[in-house]
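Number of protein chains: 2
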Amino acid sequence: MRRTHGRRVVSKPEAFVGMFQLNDGERASRCARPVTLVACADGVGTKVLLGVKAKRLHGLGVDLVAMNVNDLITCGARPLFFLDYIAVHRLEPKRLLEVIEGMSEGCRQAECALLGGETAQMPDMYARGQFDLAGFAVGVVQQGRAIDGEGVAPGDVLIGLPSNGLHSNGYSLLRKWLARRQLKLNRHYDELGETLADAVLRPTKIYVPDVLALLDGYRIKRVVTGMAHITGGGLPDNVGRVLGNRCSAVIETGSWKPPPIYAFMRKRGMKRAEMFRVFNMGIGFVLAVRPRYAKGVLARLEDCRASPVVIGSMRRGTGKVLLR
Amino acid sequence: MRRTHGRRVVSKPEAFVGMFQLNDGERASRCARPVTLVACADGVGTKVLLGVKAKRLHGLGVDLVAMNVNDLITCGARPLFFLDYIAVHRLEPKRLLEVIEGMSEGCRQAECALLGGETAQMPDMYARGQFDLAGFAVGVVQQGRAIDGEGVAPGDVLIGLPSNGLHSNGYSLLRKWLARRQLKLNRHYDELGETLADAVLRPTKIYVPDVLALLDGYRIKRVVTGMAHITGGGLPDNVGRVLGNRCSAVIETGSWKPPPIYAFMRKRGMKRAEMFRVFNMGIGFVLAVRPRYAKGVLARLEDCRASPVVIGSMRRGTGKVLLR
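Chains A and B are the protein sequences, given in the same order. My numbering puts the first sequence at residues 1 to 324. My numbering puts the second sequence at residues 1001 to 1324.
Bound-form chain A, shown alone:
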């Protein structure tokens, strides 16, 4: 990858998002603050297989947008547009429309344009009724205002934003467990207050409006030092990614109440340690915030009903995430 980069790529190859500076010629001006384009690609993994099985495709469209735009905002970028790639066995307009309506709904929530995409029909590659989804999002951040975790320091407060369930990660483990336990997706469980399908196929929460509203409130001060979208690898891996090598994170796992699906899975044989490595466990997005601004940030996030929770803090360390 690196040999294609040049000076205009300002992100690290291992980052979730790629960052590309528009130069003077492209801005066609030498006047003022330039911008950096931010881009990422992601799919929804094997949640697709479960969505197809339960005939719920709309939610997968929302998931696809969510997985991308939630990654995009971790660096402080504002999503501009989204494109999709849908690969199918055969074009079935009604099912395809359901996915596209979901993506459209996701783009509305993320305040970005569904700009285009590609639908590929490949009967020899995908089984009947099966398909795969990939998405790409592009956003923009002012140069010098990108949040890359470099500023994370001991004492920073970790604020979590609740997930609404499993979002779009851990579905290989989930599907194995469903098969082993022979659980029926369409059965209603009182513990869940809904059917199992409702609980495991709820579309991923989109954090864009809440996070951007927060950042818009601090245009000069550097209040948020790092952000993490909690995806595959759970809290340890994703919070770990923004730590650098001066900090460790301590997360108090008792400080929030996970959605009932987690207790449901735990009760039916899933191991807690494995769950923390695979699922978001109830926290879908984490912000590291300078301690003196934590109260203000919490108030702002409460104002937009984001239900923020203090889940831990940074301390001097060597890049570890400790779950307590």
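None of these hints come from the bench; they were simulated from the model. Treat the hints with care, since some could be wrong.
Calculated pairs, EDC-like style, for lysine to aspartate or glutamate (alpha carbon to alpha carbon, straight line, at most 16 Å) [stated by the list, open to error]:
{"hint": "1", "chain 1": "A", "residue 1": "K176", "chain 2": "B", "residue 2": "D1124"}
{"hint": "2", "chain 1": "A", "residue 1": "K53", "chain 2": "A", "residue 2": "D190"}
{"hint": "3", "chain 1": "B", "residue 1": "K1176", "chain 2": "A", "residue 2": "D124"}
Place chain B on chain A using the hints.
Positioned in the frame of chain A, the structure of chain B alone reads:
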């Protein structure tokens, strides 16, 4: 899609590329010519299946970039960066590296950055050894300099740039024909001057340097009125897309010499009419050029060894493409 668009999306939903204007805040300047971002998504279709069978993955990486950047430049945009989505049965680092090296090579040819991507491991979705590829490219064009075919007029000269073979379209038809004729990929044919695998798996030609060098030569004059990347649907569909409803195109199919693979397929039972609907037939990219500039354009394209050929012209009509 439309409900997510707003005034900043300036492309039509049916266009191959999406166009998104950066606004004043994002340029952070009210000084000078603003730019439009251009984006597209594409895969390489079932050429993947043939590439996997012949164990040639490097070329598929080049193909993936080519399919996207060749689309991107049809509107006059300069590619900035590229992202990929690779879905696999199981991660096999060596094979994956081969694809990534191909993409890196493609990005170098297209003078854009390989900015990032996503690799998804989904053993239940993809068969052993199988995978799918999707790509996504973003470019930039000065507002008011985008070429959208609106300016195409009767009399415009159609200049074709040769393909180097099948590029990345028509592989479902090709694979059916290969199976029916029981042809061996690794056999050398004198008619081809190479093995069948060499002929059908050659990486797609990337037209970016030639087309951008041409456009850079005319920064004020509007010389090129429309461009088409010849993909699925062949010359009729893809040239047809830039005609509007004031013109028809007449293409003299004897005016260029296709690569030997086309005569090879024709001789072995493939139907000419079907081939024209599915393959590029030797012309991978078409430019519609104002007649008074045709000579100059040809000279410039010859200077960069693009081997341009006059393949036809526009005449008054109703959006038809006539092959003669």
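Each hint, compared with the structure:
no.	hint	verdict
1	A:K176 to B:D1124	holds (11 Å)
2	A:K53 to A:D190	violated (23 Å)
3	B:K1176 to A:D124	holds (11 Å)
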